[in-house]
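Which chain is which? The protein sequence lines are E and U, in order. According to the working numbering, the first sequence is numbered sequentially starting from 392. According to the working numbering, the second sequence is numbered sequentially starting from 198.
Derived from the structure by calculation, the hints contain no laboratory data. Just so it is clear, CB atoms sit at the ideal spot from N, CA and C, and this is done for glycine as well. Some clues are possibly wrong.
[Said to hold, decoys possible] If you anchor each label on the Cβ, the simulated ranges turn out as follows:
1) E:429 <-> U:593: 47 to 53 Å
2) E:540 <-> U:302: 51 to 57 Å
3) E:404 <-> U:503: 37 to 43 Å
4) U:642 <-> E:523: 46 to 52 Å
5) U:313 <-> E:425: 36 to 42 Å
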Amino acid sequence: MKNLNLILAGVFFTLAASFGGLLLSGQVQLGQLNRAPAEEGGPLFPPKEPGLAIQGRQVYLSLGCVTCHTQQVRPAGQGNDIARGWAQRPSVARDYILQSQVLLGNRRLGPDLVNYGARVKSDDEVHAHLRTSMPGSVMPAYGFLYTQSKDGSFRPTEDAVALVAYLKSLKIDYSSPEAKQKQ
Amino acid sequence: MSQAYSSRGSVSRIDASISVPVRLFIFSSLVWLLVASVLGVIVALKLQVPSFMGECPWFTYGRIETLQRNAFIYGWASNALFALNLWIMSSLARFELKSSWLPVLGGAVWNLTLTYGLVQVLLGQLNGFALLEMPKEVAPALVVAFVFAALWPAVAFARRPTGNVFVSQWYIIGATFVFPVITVVAQLMLLWCPTLGVMQALVHSWFYQNLILLWLGGSALSAVYYFIAKESGRTISAYYLATVGFWTYFLFASWTGPATLLGSPIPVWVQSVGVIASLMMLVPIVITAVNFFGTLAPRNGIAQSWNNTTLRFVLVGAVSFTLAALLNVVSSTRSLNALVRFTEFAQAQEHLTVYSFVSMVIFGAAYYILPRLTGAFWPSAKLVYLHFWSCAAGSLLLVVTGLTQGWAAHGRTDFAVSAAPGLLAAVLLLVGHFAFALNALGMLTAENAPSNRRAY
């Protein structure tokens with residue numbers, strides 16, 4: 392333990408071991424996931440994201456929404472996410488394969504959003520939530536996403552339209568082979 | 198608190214040789230500490246009054262919180278640890294730095310890059326991975342700057358005149374090696390050529406745990422070992438275990454990432470490996486506790502430490518380390534984790550590690566190093582007192598309210614957080630940090646006054 396090279400080699404080994412054991416073997420298992428049908432011959436899931444939703448993810452990232460909102464629903468045995476009605480099934484690795492940045496999140500100051508698109512009824516409902524602050528909520532109004540016209544009505548900016556398209560695209564209301572297994 | 202005045206009058210040749218870079222690192226860390234503390238108050242205020250500063254996209258909660266976290270970890274803690282690692286290693290290895298412009302260059306590039314990255318975050322260019330939010334062009338510059346700023350302890354160790362070695366030196370070498378490696382790997386696998394789907398979350402958890410536990414934690418542990426032995430004048434109890442503690446700490450900590458992802462859509466076996474690694478962390482936790490408290494506890498040592506400024510901070514840091522590490526073990530059990538994972542409980546755990554442990558140790562070390570580096574006295578003992586109690590009370594308040602609120606919140610369907618204690622804690626920390634910065638800046642500028650030199 393007096394030799395610099397020995398210490399460096401040891402520390403390198405500890406990092407290399409966890410890199411290989413966690414990241415490389417994780418990559419072997421998860422790196423080749425493709426879209427898959429829920430039933431044989433059925434349509435492939437997850438569905439492709441609309442272009443506007445891809446733009447909306449940039450708005451979501453840029454406003455830092457991930458600080459307070461997660462996008463993952465844990466299985467019924469691990470927390471009460473499903474009991475809270477956030478989704479009908481836990482999220483699985485395949486749900487995320489088309490996303491450029493996976494925003495699982497690690498803190499919930501607001502509800503989980505992985506299935507938000509299936510929970511809301513209309514665009515207007517999402518716009519109303521973004522433009523005004525809900526009573527009792529710590530989420531502020533994002534008024535700068537809207538412009539007010541002379542007759543007093545509010546018009547969403549391009550960012551707001553894209554963000555809403557993104558939020559509405561967040562759905563895990565389809566099934567998949569692993570999701571069935573996990574339930 | 199008499200130690201505040203017990204500084205030596207002269208500066209040793211070793212300290213003089215590293216004076217310029219260490220001063221630069223400490224000065225930068227102070228600036229970032231104040232920036233982060235002000236941002237911390239804003240973050241706490243926004244939880245209390247959500248509409249506060251809500252008119253402009255620059256100041257969303259997400260961006261300000263991101264700025265605060267990055268300024269604290271990369272600005273305050275990392276700069277301060279550059280200084281600590283260099284000073285402790287030079288002092289242990291009797292190393293005189295010849296080319297001090299190299300670490301100065303590294304420090305300058307580090308801080309300019311960080312400023313650029315944080316301005317980009319403020320303008321809305323941010324990624325979704327905690328502590329990797331800054332745009333991807335920032336990381337290569339940060340890694341190069343890190344090598345220039347932090348390489349010198351390794352050089353000092355390689356060139357030490359005697360074969361002697363102390364446990365602090367291993368921790369410094371290990372921590373210094375970890376940062377560039379994990380940053381390069383994480384940046385490549387997340388931002389430059391992103392991996393597929395949830396692999397990103399796995400890579401990020403690996404990066405994050407290594408950054409907090411090995412770079413910040415490893416460096417701070419080195420300082421705990423050094424100052425406990427140095428200031429108490431005792432040999433580390435059960436020192437033969439320290440080697441085992443060091444290797445098990447590095448080995449197991451780097452596998453604990455997936456334990457922060459329990460229930461996430463990553464393979465269950467990976468999660469289980471993380472849980473096992475977290476449990477194995479009990480080995481280094483017990484060994485460091487025996488080393489630290491076994492040294493200080495006998496012969497009224499705790500009371501003596503309490504009367505010594507440096508040891509008082511370091512002792513709080515060491516206790517926080519043990520508590521935080523034990524909490525990490527406990528909360529990586531699946532049943533408890535299911536309840537607290539996304540709540541303020543987890544935030545409190547992190548605070549206990551990066552603030553109550555790492556930052557308190559840095560404060561304690563600064564009270565020892567700065568007088569020796571500048572040959573000046575701490576200007577005000579009252580400010581030292583204010584600093585300690587403000588920061589101790591603030592961080593205790595943050596940890597206790599976080600843990601209790603997180604525990605109480607599980608299973609509820611609303612997200613009402615009582616933000617008032619958090620705001621009070623943020624203000625207390627800000628006050629404490631101002632007291633510390635005033636004192637330290639007084640010291641960093643004092644040496645230039647010629648009248649001060651004649652005081653000895």
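Verify the CB-CB distance for residue 429 (chain E) and residue 593 (chain U) against the hinted window 47 to 53 Å. Check passed, 52 Å falls within 47 to 53 Å.
Regarding residue 540 (chain E) and residue 302 (chain U), is the given constraint of 51 to 57 Å on their beta-carbon distance met? 55 Å, holds
Verdict for residue 642 (chain U), residue 523 (chain E) (Cβ pair) under range 46 to 52 Å: The hint (46 to 52 Å, Cβ to Cβ) holds, given that residue 642 (chain U) and residue 523 (chain E) are roughly 51 Å apart.
Could you tell me whether the CB distance from residue 313 (chain U) to residue 425 (chain E) stays inside 36 to 42 Å? 39 Å, holds
Taking 37 to 43 Å as the hint, is the beta-carbon distance of residue 404 (chain E) and residue 503 (chain U) inside that range? 40 Å, holds
This entry satisfies every hint, going by the numbered hints stated previously.
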